[in-house]
Amino acid sequence: MATETDHSPGEAVAARIERRWATLSIVIVGVLVGMAAFIGIHQATMPQGRVEIADPKTLHLSGEFTESNLGSEMAADGSVTVRAIGQQYSFTPQCIVVPADTPINLRATSADVVHGFLIEGTNINTMLVPGYITDLPVRFKAPGDHVMPCQEFCGIGHQGMWGKVKVVDKTAFRDMAAAKRRLTCVD
Amino acid sequence: MLTNKRLILSHFWLAFIVFGAALVLGAWQMFVRSPLNTWHFNPEFYYRSVTAHGSAMGYVFPTLIAMGFGYAITEASLGKELVGRRWAWAGFFLVAVGAVVAMIPVSLGLASVLYTFYPPMVGNPFYYIGVVMVVVGSWIWVALMVINFVIWKRDNPDKPVPLAMYANVAGCLLWGWTAVGAALEILFLILPVALGLRSTIDAGLARVFFSWTLHAIVYFWLIPTYIAYYTIFPRAIGGRLYSDAMARISFILFVVVAMPIGVHHLFADPQVGAGIKFMHSVFTGLVALPTLLTVFTICASAEIASRLRGGQGAFGWIRSLPWSNPIMLATALSLVMLGFGGAGGLINMSYQLDATVHNTQWITGHFHLIFGGAIVIMYFAIAYDLWPHLTGRALDSFGMMRTQLWLWFIGMIVTTFPWHYVGILGMPRRMAFYDYANPAIAPQAFSVTMSAIGGFILLLSGVLFLLVLIRGQFGARDEAAAYRFAVPLHMPARIPVALNSFGLWLALMVGLTVVNYGFPIAQLMALSETNVPAVYVGAGR
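Residue numbers (our numbering), protein chains in the order written: chain A, 105 to 291; chain B, 760 to 1300.
Everything labelled a hint here was simulated from the structure, so no lab data went into it.
Just so it is clear, CB atoms sit at the ideal spot from N, CA and C, and this is done for glycine as well.
Wrong hints could be hidden among the right ones.
Claimed, not checked - Which stretches of chain B does chain A cover? Using the computed rule of at least three CB atoms under 8 Å from a CB of chain A, they are:
no., segment
1, 951-965
2, 1051-1064
3, 1096-1109
4, 1287-1293
As the list claims (entries may be wrong) - To list a few chain A residues with every Cβ distance to chain B over 10 Å, as calculated:
no., residue
5, Ala141
6, Gly167
7, Glu177
8, Thr196
9, Thr206
10, Lys245
11, Gln255
12, Thr275
13, Arg278
Build the full structure now, drawing on both the sequences and the hints.
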């Protein structure tokens, strides 16, 4: 057994092994961070770039989140924008209809407290903070129905705050958009 | 040499009583939201319970453990009586009274805002005042630890500060600074609204302040566990610590990089831009470094102990470890849970993968595995190790201890593995109940049932733990020898000043926090239009 002041060859070996492990650790972390950076730079998935604001006190009066402007909209160039709000304890619209295989811009905010939503079966997952606008580029692979729960505690009715997302065929969506300015699937 | 045994014992007992009560609530929550519960109940009770469980487990229990263990480390490692005994008692009572003050409105249903506060929801002011009292009580401990550190260094200019004390002070500094974020949020944003002085609040800014505390608080919980890995475990199994310097570097890394990473909790939030999120993501990667270093050093220390006992072979030495020793068992189980939990943490760290699991049950499973599993099992080990020295009585129910530790490990795995899985399926967190009849949710029912069963196993283990400690209080009188910490295999001839002091690391800690938090905070403070009306919560509102 080495004594406390013994600078034996063992100590040099111990230090060398330790250095090797430290180097390997740094490489592991470096690779992981590098991967995240690479994917981010290539825009595969990136957080929202800038901070936008919206006053929850006047949402219903003016601006893009007035009730008649909520729902899915198809612009002349074929791009789709969905606008929605969350409030205790529902989403408006409660059922969102979107086309499959189309780039969609999702814009949403909260009318009262902090909410959030995720769309089960996808990696779409974001927060709604009152005062701020959430802007998220999304794309759905195939037609189908998804549940869309609020994933942030928003009060004692939180467990009842489940919306729906209905993904329909591209052409079906185009036909619907030709007939109506803002689309929802609320019955 | 432990002089203030009553002080230390009071901290541990109060911590474990709070833990026991919160554990009962936790098991109840697991049950009521699972398919096992077929009764109707008031969902408000669930959120009330989550608020109490989170506040007790997050703010009160680990803080008391860190404080009590910190006082024990000061006296045992520095070999002298604690300076500021009266202040230490004052801190203890502040934490105890604060916990009661906070829990009264919570149990009356006047502050069901969860322990993460969630403004613009605002509850009864006494809830926040109680939390502030707990934090202020712990700041007294931070000050005392620093004072004892400085006095000892002045009296012993030529000696390195013992590793246990060095690490303990690292934890104190980390906590002292990280608690500032939540303190700013409560004092300047929430309390004025709770007291009725203002009626609007910037929810985005409040979330940024809270994230400052929310991540580094986890490392504050973790520090006692790491101190136990480095300074109790090698001694308890009859070995040596592999490396003293690497241990110090690990604790320093926690001090420096634990803080400027909190925005990873806000990856999905709209009030922080992409650049800041990227910075925090990178720093979150760095914080894996001290854990990777620690896992190596602790495994190597175990190998030293085994070889000293005659362990042979590349892996055969693992069999020769003293497995019947509860500290050995606890550390091994803790490292397994740390491995799984840490891997989950690396997943959460990247924005892209986080998008899939953000605010799902995956996250709840993740932090229960890391905190409730890897960290708390070492709190048990610390108590088992210290108890004979604190009570002056033998603690020899080793069979019970081993059963308790195994039950905790099994319970934690059975609880958290299905919990992670339903998170990947997209099950949202913090909900009082789920409609398992809905075909979209039905596939999650079986996993949630498993988790609930795990919760009951954990409860059983918790009861067993308290029984061991109570038996220890009434055991045969047996004056334990002086309390010792592990000795390094090769004590370096001299320790660099940087590894024996905190000046540089404190400057880096504050500097990096300012760099990574300065811009989002300044930006949001400049935006006055984002103050939104508060939503008061509470029964009768």
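Hint by hint, here is what the structure shows:
Beta-carbon proximity to chain A at under 8 Å applies to 3 residues in the segment 951-965 of chain B; the threshold of 3 is reached and the given coverage holds. Counting residues of the segment 1051-1064 of chain B whose CB lies closer than 8 Å to any CB of chain A gives 5, so the stated coverage by that chain holds, three being the minimum. With 3 residues having a Cβ less than 8 Å from any Cβ of chain A, the segment 1096-1109 of chain B passes the three-residue criterion, so the hint holds. Requiring three or more residues with a Cβ within less than 8 Å of a Cβ of chain A, the coverage given for the segment 1287-1293 of chain B holds, as 5 such residues are present.
With 10 Å as the threshold on Cβ separation, the claim that A:Ala141 sits away from chain B is violated: the shortest Cβ distance comes to roughly 7 Å. Non-interface call for A:Gly167 relative to chain B: holds, since the shortest CB-CB distance, roughly 12 Å, exceeds 10 Å. At the 10 Å boundary, the C-beta of A:Glu177 stays outside the reach of chain B, the nearest C-beta of that chain being 20 Å off. The beta carbon of A:Thr196 sits about 18 Å from the closest Cβ of chain B, which is more than 10 Å, so the claim that it is off the interface holds.
Non-interface status of A:Thr206 relative to chain B is upheld: no Cβ of that chain comes within 10 Å, the nearest being about 20 Å off. With a least CB separation of 15 Å from chain B, A:Lys245 remains clear of the 10 Å interface cut-off, as annotated. A beta-carbon of chain B comes within 10 Å of the beta-carbon of A:Gln255; the shortest separation is about 4 Å. Against the 10 Å criterion, A:Thr275 stays outside the reach of chain B, whose nearest CB is about 26 Å from its own CB.
Interface exclusion of A:Arg278 from chain B stands, the closest Cβ pair being 27 Å apart, more than 10 Å.
Consistency with the previously given hints fails for numbers 5 and 11, ordered from lowest to highest.
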